[in-house]
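Build the full structure now, drawing on both the sequences and the hints.
In the order they appear, the protein sequences are chains V and H.
In terms of the numbering used here, the first sequence opens at residue 1 and continues consecutively.
In terms of the numbering used here, the second sequence opens at residue 1001 and continues consecutively.
Worth flagging that the hints you see were computed from the coordinates, not collected in a lab.
Just so we're clear, the structure is a prediction, and the values are computed from it rather than from any experiment.
Incorrect hints may have been included.
Reference excerpt, derived from the structure (chain H facing chain V, CB under 7 Å, subset only) [said to hold, decoys possible]: (1) L1007; (2) E1009; (3) G1030; (4) N1101; (5) I1183; (6) P1188; (7) I1190; (8) L1201; (9) E1225; (10) V1232; (11) S1233; (12) V1235; (13) P1241.
Restraint ranges, calculated between C-beta atoms of paired labels, are given here [what the hints assert, rightly or not]: (14) H:I1108 - V:G50: 35 to 41 Å; (15) V:R68 - H:R1011: 22 to 28 Å; (16) H:V1086 - V:E22: 35 to 41 Å; (17) H:G1016 - V:S70: 24 to 30 Å; (18) H:R1025 - V:R44: 23 to 29 Å; (19) V:G50 - H:R1011: 29 to 35 Å; (20) V:E40 - H:D1223: 23 to 29 Å; (21) V:S70 - H:E1239: 19 to 25 Å.
The C-beta atom is built at its ideal place from N, Cα and C for all residues, glycine as well.
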Amino acid sequence: MARGRITSARLLERTGVVITPEELLDSPHIFIGSIEGLTEKFLRLREELGISSIMIGELDPLAAVVGRLSGT
Amino acid sequence: MRPFRFLAEARSIATGQELADTACRAESIGIDVLVIPDHLIGQLAPIPALATIAAATTRLRVAAFVLNNDLRHPAVLAQDLASLDVLSEGRLEIAIGAGWNQPEYTAIGVPFDPTPVRQARLREAITVLKGCFAEGAFSFSGEHYTITDYDAAPKTLQQPHPPFFIGGGGRRTLTLAGQEAQIVGLAPRIRPGVIVDPRSLTVAATAEKIGWVRDAAGDRMADIEINIYPSVSPVIVTERPWPEVESLPRGCWNVRAS
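Have a look at this one:
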């Protein structure tokens, strides 16, 4: 975590960027990916952070993810 | 490990039949809670819409996501919510926040107080709501609300109260959530001017927020459900996520209205 801070501080200094695309892709607040990828992301969030309740926004885009994970 | 629970949002403006159809579809695909936003502009009022959703379904739970505490006196809200819990046979969840959408306040002349004041008012409102839901008469003397020997009716079917959802990204709100809520929503941290702090989007920042909740919850932590919602980008289903992610701003950006 400390290393991450140093990296982002350097990023900010050099480029004005404060968060990397990798961090955005991994962010618990950003749901961008394939059905498979987002299914794995939600499983990882539950496993690593204990996040089990997920607001998916509109019904249709992630219905297939809900279908795979609902009841598990 | 807790089983997953999924929340989804019903289209905000709809006919009763469309709402009922959406509700049945949500129930059939495994959605646990169907929600309606709480804004004054551009949508049906959440309470009657949620009653319609509940009437069309048998298992689906309902919530306004998120009730703006400043739009209603909490004792009046308590009657609406308790009625909804009765009508839905105990399927209500109560997501409530301190309010953030300043143009709505301005439009109807409700003062948009500084964040600490709105947060203090939310804390009192939660006490009032729980007091109204509990058996017997209730009195409360706070800085913002005064309740005198009031035996609210109806009482909620879920006792002592339906699950509370409180969400936020700062330590003060997450402490309140850890103390009072059954479901805690994690959000990015918002800087003054309604700007998202990008560093609060990371996995490490999320772990830190969960730590704040744990500090406030103590022994209650095992009973708390942790929630997440997409708040800075629309949901995008794609086999090629990189171009989408790389097109997101990397600095600060304005909060998308939701």
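Hint-by-hint comparison with the structure:
1. L1007: holds, 4 Å
2. E1009: It holds, given that the least Cβ distance between H:E1009 and chain V is near 6 Å, below 7 Å.
3. G1030: holds, 3 Å
4. N1101: Hint on H:N1101: violated, closest Cβ of chain V at ~18 Å, above 7 Å.
5. I1183: holds, 6 Å
6. P1188: holds, 6 Å
7. I1190: Not OK, violated: H:I1190 not within 7 Å of chain V, min 12 Å.
8. L1201: Holds, about 4 Å.
9. E1225: For H:E1225, the interface hint holds, since the closest Cβ of chain V sits about 5 Å away, which is under 7 Å.
10. V1232: Holds - the Cβ of H:V1232 comes within 7 Å of chain V, reaching about 6 Å at its closest.
11. S1233: holds, 5 Å
12. V1235: Holds. Min distance 5 Å.
13. P1241: holds, 5 Å
14. H:I1108 - V:G50: 35 to 41 Å: holds, 40 Å
15. V:R68 - H:R1011: 22 to 28 Å: holds, 24 Å
16. H:V1086 - V:E22: 35 to 41 Å: Because 49 Å falls outside the window, the suggested range is violated.
17. H:G1016 - V:S70: 24 to 30 Å: Since the Cβ atoms of H:G1016 and V:S70 sit about 26 Å apart, the hinted range of 24 to 30 Å holds.
18. H:R1025 - V:R44: 23 to 29 Å: holds, 28 Å
19. V:G50 - H:R1011: 29 to 35 Å: holds, 31 Å
20. V:E40 - H:D1223: 23 to 29 Å: The hint (23 to 29 Å, Cβ to Cβ) holds, given that V:E40 and H:D1223 are roughly 27 Å apart.
21. V:S70 - H:E1239: 19 to 25 Å: With a Cβ separation near 23 Å, V:S70 and H:E1239 satisfy 19 to 25 Å, so the hint holds.
Hint violations for this structure: numbers 4, 7 and 16, all remaining hints satisfied.
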